[in-house]
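Enquirer: Spelled out from the first residue to the last, the chains are:
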Amino acid sequence: MNKPKEERVVTSVTGYRRPYFDTQPAYLYPGYRSTVKRSPRRPLVLLPHTLTEVTGPVFGYDDVKPTDSDLTRQHEGEPIGERIVVSGRVLDENSRPVAHALIELWQANAAGRYRHAVDDHDAPLDPNFTGTGRVLTDGEGRYRFVTIKPGAYPWRNHYNAWRPAHLHFSLFGIGLVQRLVTQMYFPGDPLIQYDPMVSSIPEEKARARLVSTFDWEATIPDTALAFRFDIVLRGRDATPMESSRS
Amino acid sequence: MSLLTTSSQTVGPYVRIGFERFAVEDLAPAGVSGERITLSGRITDADGAPMSDGVVEIWQANAHGKYAHPEDAQDKPVEGLFRGFGRSLTDANGGYRFATIKPGRVPGPGGVQQAPHIAVTIFMRGLLKHLITRVYFADDPANAQDPVLNLVPADRRATLIASRSATDKSVFTWNIRLQGPDETVFFDY
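Respectively, the protein sequence lines represent chains C and P.
In terms of my numbering, the first sequence has 101 at position 101, counting the first letter as 1, and numbering is strictly consecutive.
In terms of my numbering, the second sequence has 1028 at position 28, counting the first letter as 1, and numbering is strictly consecutive.
Mixed in with the good hints there might be a few duds.
[Stated by the list, open to error] Here are the simulated DSS-like cross-link-like pairs (lysine-lysine), alpha carbons at most 27 Å apart as the crow flies:
| # | chain 1 | residue 1 | chain 2 | residue 2 |
| --- | --- | --- | --- | --- |
| 1 | P | 1129 | C | 149 |
| 2 | P | 1076 | P | 1102 |
| 3 | P | 1129 | C | 37 |
| 4 | C | 149 | C | 65 |
| 5 | C | 149 | C | 205 |
| 6 | P | 1169 | P | 1102 |
| 7 | P | 1102 | C | 205 |
[Said to hold, decoys possible] Negatives, chain C to chain P, calculated, CB over 10 Å:
| # | residue |
| --- | --- |
| 8 | 128 |
| 9 | 142 |
| 10 | 190 |
| 11 | 217 |
Because the hints were derived from the structure by calculation, they are not lab data.
A virtual CB, placed ideally from N, CA and C, is assigned to each residue, including glycine.
If we strip away everything but chain P, and leave its shape as in the complex, we get (with noise of 0.2 Å):
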């Protein structure tokens, strides 16, 4: 090793007007096939205070399990409309939101393939270093032999799992808690 990588500083309070040129909410414009979708949500504190000053981004597979980046070598159909980068600037509530496709299943560690999954890093005031962590979706069978969600201690589980609207199916609601009893799992990336 010949270098060391860079220190991570925090976003601070005004991201925003460093973020919002590529702020995304909408991923799938008309055309973009595969099951349509929200994922919204809030953030808070061990306070359980919104936190109005966050952005969240995602990073996702397309609905067949194909990243739209040169290094998915696998042989499944790119869509040219979706780009698989989301980022969402939270508002007054702490609340985040997404519309967008379930993304495919993607290959995992040991030949396994991963459950649909969508890649979540938090930037935030007071975050010395971005948080990752994911996002699965309730009901889907393939959770129970997803290669990282099992890496996750059991109790934790279902912190990472956005819930499934009863009255609307394509409504997921998904919150982040930054600390205390019910607190979001996050990633050693």
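Looking at chain C on its own, in the form it has when it is part of the complex (with noise of 0.2 Å):
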């Protein structure tokens, strides 16, 4: 406003690092068969991160119910399975808490049916269950969902193909390429090996960091047991980018 008119800010603009290749899925995985007609063939044109990039979509305290996080307590009865707690923290590859972002998580319910209108597995509904929850992590990037042991359930992909019990996790970070969508499995599931989404990920080791772990120490006594379940979303480059406006 008082500034002079020829005056030209500097905005410097620190982008993110590129996920090391091998932990990552290629889109096109034959083993996964519907990615053989969705996945783009022609060369991927590389992204500098600008500030459209950097930025991305804000949500507040005011955007989730605590009953959003309760997936037991969203109706008025209680829905049939296993209790179980799911909790963790979302870090940065620096290994900084991302705080206040929001996670989207949905599931199958114990039967292994999805409440959804195309899922027509012969598995029963529970009405007391609709299987999506929300939460925001806290100022140390800690969330924590109480939920039920999704079952497992057959699918299409080929004969007899099962998935291995999952929870659908969506999270926001603080820069729009931050954004992942990911599944998290429970520990000593024997379907994990036989899952094609699970063997699209190359690294061995970074398929089995998709796996909770049983945590003790949030289990609640008589009432749940417990599933720690960590997140690593990129880091920031270690050298800004230089940009200037007038």
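From these two lone chains plus the hints, build me the complex, please.
Expert: Structure below.
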């Protein structure tokens, strides 16, 4: 407003490191059939991280209700199944907590059925279970859900295909390029080794990080067992990229 | 580097139940300034089949070219009613739609102002990781100098430009082709 007309303010934008490629699946993985006709085949164009990519949607505590993070208390009655606590921390690659990040969760019920019109698996719906939740991480990047352990279910990818029990997680970080959608699995599930979605991740250790760990400390005595799932979003590059505006 | 980014997994076929709470197709309630537009189109696969289980998320600056985000330090007005985030769940015809305002210009690399654009993220069954692309606006003279659009091979740039209706100037159409001869340009982000 009172600035001289010619003044140019330099804004520096610090981008995010690209993930180590073996930790992420490729778009085309024929073992997961739906990738064949939906994966891009032309070369991707390397996107510089500008102000557009380092900013992103901001959510606040007004966006979520306390019952959003307890999937066992969203109806009049209690859902059927094994109650569990799922908690952890959201950090970036530089080990910094990702505070006030929105996490969305969705899942099948204890019988392995989703409350979704296209799920025709012959298993019962539970009138007391919707299977969706939301939470905002706290100042230290911590989150906590209470829910029901989901069931495994068959799918049509190949003969006698079964998905291991899993929870879907969607996360918004600070910047658009930190956005992540993933799935959390349960320790000791024999179906994990046969699952093409897990196998699409090239690196064995990266696959293992999608498997939660049993968390004795977080159990609720006489009420719920607990699993821990820490999530890592991309970290900042060391050097800022300069851009200026007039 | 002490930690590694968690691996991406597909949203799967039941994403609607997880994403519908924050579905936002009308980004600009009354009182938001700027040129009002609609942006819509269809997502199709290699066979041209409509993708009825997709999610399109958008992120954009307001009409002044300012993002509603703490890291946007530009001396430009924020509009409290405009958050800049949209999410549309595709219908049976693969269609998505947004009602919003045309964004202003934001700074880019090397001091070059970017042309008005909207960042687009696509989630779907069959996408093991989401796609990121951008949409620009037909006939905007700034497109020719845009530092990101100029990174795209010239013969493919048209896939990132929404067309404007001849009869209603506020109506923009932009289709997304996942694969095939007219495949949309996607970015390695």
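Enquirer: Next step is simple, just say for each hint if it's right about the structure.
Expert: Status of each hint after checking the structure:
1. 1129/P to 149/C: holds (25 Å)
2. 1076/P to 1102/P: Holds, at roughly 16 Å.
3. 1129/P to 37/C: Status holds; Cα separation ~15 Å.
4. 149/C to 65/C: This hinted pair holds, its Cα atoms lying about 22 Å apart.
5. 149/C to 205/C: The given pair, whose Cα atoms are some 24 Å apart, holds under the 27 Å limit.
6. 1169/P to 1102/P: Status holds; Cα separation ~12 Å.
7. 1102/P to 205/C: Violated, because 44 Å separates the two Cα atoms, which is more than 27 Å.
8. 128: holds (15 Å)
9. 142: Correct as stated: the minimum Cβ-Cβ distance to chain P is 16 Å, above 10 Å.
10. 190: holds (19 Å)
11. 217: holds (21 Å)
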